[in-house]
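S.K.: Chains as they are written, first to last, in this note's numbering: chain A, 39 to 290; chain B, 77 to 246.
Please note that the accuracy of each hint is not assured.
Claimed, not checked - Coverage of chain B stretches by chain A, computed from C-beta distances (three or more under 8 Å per stretch; other residues unrestricted):
| hint | segment |
| --- | --- |
| 1 | 189-202 |
| 2 | 232-241 |
Claimed, not checked - Derived contacts from chain A toward chain B, CB cut-off under 10 Å, selection only:
| hint | residue |
| --- | --- |
| 3 | Gly-164 |
| 4 | Thr-165 |
| 5 | Val-200 |
| 6 | Lys-229 |
Derived by calculation from the structure, the hints in this document are not laboratory data. Note that the Cβ used here is the ideal one computed from N, Cα and C, for glycine as well.
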Amino acid sequence: MSGVIDKIKERLKDFRRPGYYKEFDHHYAIVIDVDRCNGCEACVVSCYAENNLPVVGEQGCEDNRVFNWLRIERYIEGEYPDVKVKFIPVMCQQCDAAPCEIGCPVYATYHNQDGLNVQVYNRCVGTFTCATYCPYDVRRFNWFSYKWDKPLDEQLNPDVTVREMGVMEKCTFCIQRIRGVNDKAKDGKRKVKDGEIQTACAQSCPTGAITFGDLMDPESKVSKLAASKRGYKLFENLETKPSVIYLKRVMD
Amino acid sequence: MILKKLVILAAVFFVAFVIGYGIDAALRTDLDPVQPIKFSHKIHAGTNEIPCQFCHIYAERSRVSGVPNVQRCMGCHKIIKTESPEIKKLTAYWDKREPIPWTKVHNLPDYVYFPHKRHIRAGRKCADCHGDIASMDRVRRVSSLQMGWCLQCHKKYDVKNGQACWTCHI
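Isolated chain B, as found in the complex:
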């Protein structure tokens, strides 16, 4: 009888472990997805020290920071390093008049209201959430982007109404 109970208990634990492992793996797989063009933040933001908001122009004045359009890339790359194979890929998109199908790294669910503007204007740095992007060749998500992680900061800086549900979930 005890043996039977133990077996059932073991089975339950095994199933729980498999489900938990699956959920964990699903959350962690796409930390650094492969992008259509090998764009290196290390070269742009690290070596050449281009400020973040030179390309992500909407961060200070909008809810989204904005993926730069192809024209912004071509603004420099019409002249700079045109012979590189990766830049040739970029030129192909430019000639086809198509946007580059980047894979989103920092993806928030639809029910989260996250304005970049408010955070930038409150004096937070991009690196506070996105990590040291300037040292990454391929962008890797360093923060969990879970609610508990958001609230750490909201508690630390004592944000006004920062812990009310509807501040972020509308």
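Looking at chain A on its own, in the form it has when it is part of the complex:
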């Protein structure tokens, strides 16, 4: 196993020079306080509504074609009186050293100036390589061109592409919202305030477990939370350098 990881690290060095992501304009990140998450899945629902995700139904779930860009993982420890439950929301980690970017044969996934790992739908040819390389299992594939029933197509978000068959997709950190706020700030000739941009999941979280912000700004709420002692990242040993930071659950 470690041999494989070393090989991947070697390939990463060839692909991108180290620290290239520090030269970008922004470094958007999400901090998730696992201590506050109670697993209500409101974020999942809002993600479906915001990003035009199709609902695949029972058979689709059985075939592993479910479209949750954001999922809640459950960890249950212990026997009945002493049960400890942990919920971890997992979305695309927007890794700085993303393994999926090495794999793609057509460069449909790359890093843009917002410091986000992005997926270009109309360039994607659907080789599935990125999904295979992704250690977090967050990429979703369009097996069909999904259709919405008559009244439901009215609720599609006009700012987001409705993806077609044969295209890989994943969490975008709600790029359309980032775009919208940046647009407004540009019109007002001012800088974007901290906390002005909110992803759909952060907005809908009832306990405020999810915080979105710019890590490049040292005064932002996210930077302060990220410096917390409880902070950790998923699969840190793979050195993918995720942009999603989790704050550990404290259990007595």
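Using the hints, position chain B against chain A.
M.R.: Chain B in isolation, oriented as in the chain A frame:
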């Protein structure tokens, strides 16, 4: 043997030509579709010199420039030229309370994010992309609206992040 190869080669070229011709024709057919009402931009924007954004009001403040609603047309045509047969068609739509089913001339695919606002505020003129609309009776698409055509300008004016994929494809 050589003859056989030549025949196969000719066949392949023929098929490629037919497919290429079909694609080309499909891209070029609807350059100037026939509209339900013979609306003339030449009269409105040319002769009468009405500015574009008098009717397409959202161009400066939204992603779409906006097709003017029937009320905007009727604002003038309740009084002006009410006897003309084309205006009578317009009045019929107004009485039925229905939108006019215009055919879209400049149609971008769903995966293209094109804000009119950003382009207008950067000082681009409508005519840069839409051509000299003021001289057209029926609107004709003059630009290819292909990605290479967009990038020409993005390169020329050195747009910030103008050549990153996700600037337009989100």
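S.K.: Would you mind marking each hint as holding or not holding in the structure?
M.R.: Here is what the structure says about each hint:
1. 189-202: holds (count 5)
2. 232-241: holds (count 3)
3. Gly-164: violated (15 Å)
4. Thr-165: violated (17 Å)
5. Val-200: With a minimum Cβ separation of about 6 Å from chain B (threshold 10 Å), the hint on A:Val-200 holds.
6. Lys-229: violated (15 Å)
In summary, the numbered hints that this structure violates are 3, 4, 6.
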